[in-house]
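Let the sequences and hints guide you as you build the complete structure.
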Amino acid sequence: MRQASTTIEIGTSGPGLVDFTGDVARWVGEQGFETGLLTLFCRHTSCSLLIQENAAPAARRDLERFFARIAPEGEGYEHDDEGPDDMPAHLRAALSQVQLSIPLVGARLALGTWQGIFLFEHRRAPHRRQVALHLIGE
Amino acid sequence: MRQASTTIEIGTSGPGLVDFTGDVARWVGEQGFETGLLTLFCRHTSCSLLIQENAAPAARRDLERFFARIAPEGEGYEHDDEGPDDMPAHLRAALSQVQLSIPLVGARLALGTWQGIFLFEHRRAPHRRQVALHLIGE
Amino acid sequence: MRQASTTIEIGTSGPGLVDFTGDVARWVGEQGFETGLLTLFCRHTSCSLLIQENAAPAARRDLERFFARIAPEGEGYEHDDEGPDDMPAHLRAALSQVQLSIPLVGARLALGTWQGIFLFEHRRAPHRRQVALHLIGE
Numbered sequence: 021m022r023q024a025s026t027t028i029e030i031g032t033s034g035p036g037l038v039d040f041t042g043d044v045a046r047w048v049g050e051q052g053f054e055t056g057l058l059t060l061f062c063r064h065t066s067c068s069l070l071i072q073e074n075a076a077p078a079a080r081r082d083l084e085r086f087f088a089r090i091a092p093e094g095e096g097y098e099h100d101d102e103g104p105d106d107m108p109a110h111l112r113a114a115l116s117q118v119q120l121s122i123p124l125v126g127a128r129l130a131l132g133t134w135q136g137i138f139l140f141e142h143r144r145a146p147h148r149r150q151v152a153l154h155l156i157g158e
Numbered sequence: 021m022r023q024a025s026t027t028i029e030i031g032t033s034g035p036g037l038v039d040f041t042g043d044v045a046r047w048v049g050e051q052g053f054e055t056g057l058l059t060l061f062c063r064h065t066s067c068s069l070l071i072q073e074n075a076a077p078a079a080r081r082d083l084e085r086f087f088a089r090i091a092p093e094g095e096g097y098e099h100d101d102e103g104p105d106d107m108p109a110h111l112r113a114a115l116s117q118v119q120l121s122i123p124l125v126g127a128r129l130a131l132g133t134w135q136g137i138f139l140f141e142h143r144r145a146p147h148r149r150q151v152a153l154h155l156i157g158e
Numbered sequence: 021m022r023q024a025s026t027t028i029e030i031g032t033s034g035p036g037l038v039d040f041t042g043d044v045a046r047w048v049g050e051q052g053f054e055t056g057l058l059t060l061f062c063r064h065t066s067c068s069l070l071i072q073e074n075a076a077p078a079a080r081r082d083l084e085r086f087f088a089r090i091a092p093e094g095e096g097y098e099h100d101d102e103g104p105d106d107m108p109a110h111l112r113a114a115l116s117q118v119q120l121s122i123p124l125v126g127a128r129l130a131l132g133t134w135q136g137i138f139l140f141e142h143r144r145a146p147h148r149r150q151v152a153l154h155l156i157g158e
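Protein chains in written order, with my numbering: chain S, 21 to 158; chain P, 21 to 158; chain H, 21 to 158.
For the record, the hints were derived by calculation from the structure and aren't laboratory data. If you're wondering where the values come from, they're calculated on a predicted model, not measured in any experiment. For every residue, glycine included, the Cβ atom is placed at its ideal position computed from N, Cα and C. Treat the hints with care, since some could be wrong.
These stretches of chain H come out as covered by chain P in the derived footprint (C-beta under 8 Å, 3 or more residues) [stated by the list, open to error]: (1) 29–38; (2) 108–122; (3) 151–158.
This is how it looks when you write it as structure tokens:
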């Protein structure tokens, strides 16, 4: 049994879903594990992780609009020193996930056919985001 | 230290919570681990996983109604090729979980007394759903 | 490769976020692991776990108000034997997380600078809450 870990950096340019399944799969492949557990951990409180539809850009846009509607700007938040998009970003992160674990079976991630791994950026300004990856298995 | 993995298939018949705690506990018991970490991973984007109240069917029905209300059909979604219940299904999945990990201590899952493991079906039509299980420990 | 596990008890006094990052980091430090995966599992269905902003109390209050607004009391829930705050508590728990896993790298949790680990109490009465901790690595 052994472990591997790394950090993936993802550049974002405003609110929305960024598919980084390829980066994750590539790193996992390079580690040469047959069976194990991969954990992704988002090191921020104003973006998050989501596993969703990888084939339909329209579904992605509906998801982005839904989160914008359910936790909107301009609701009179007490915490607004970092701008009007900051508190809604924390709320949208709280409603989605900061961490995902995916089993590795037969040297492949157990993702379903239509599942992609996305970073969900909630801030308006461009950011460099860090996702910590940890793999345990053999 | 060792690992075990399998896939559980769950039949659903429309939107709602399906308790499959028994199936999970049975498989875990058969692996003969004393201590470890169990991970459940839902291989779909229109159903999800939830740990919730296992004793009160009324709580389950309130949960189903809440998710139907918070991410309703008929909101003019751009993605509607697969029917009016498809996009709300993705949204409800995004608001709940696609993955759960539960520690195993003294050969038992660390679930609280009132916690059950549910598959949350969000589509109207019956489906066969796959949940990947991964156990690591000894 | 080895494992360690324990249960942390947290006293709550009504709805709100309780920062217990220090308790978690202390226990993890005592186990003397260099690399691994920490899992926290909340053994209840009416409180939950959240990783959020650790520096701004105002952000915390906005989060608490948001969850109170999105899953309010007095919505005519069918399940109300345990009081008007019980069903909203289950809903708020379903929208946040019952479990979190955090990689351990270089003997430190991979938390970002602004990330704290919180228990999110959703009931009005004081409670003693249990969070199971599991660490695997070496």
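These are the hints, each one checked on the structure:
no. : hint    : in the structure
1   : 29–38   : violated (count 0)
2   : 108–122 : holds (count 9)
3   : 151–158 : holds (count 4)
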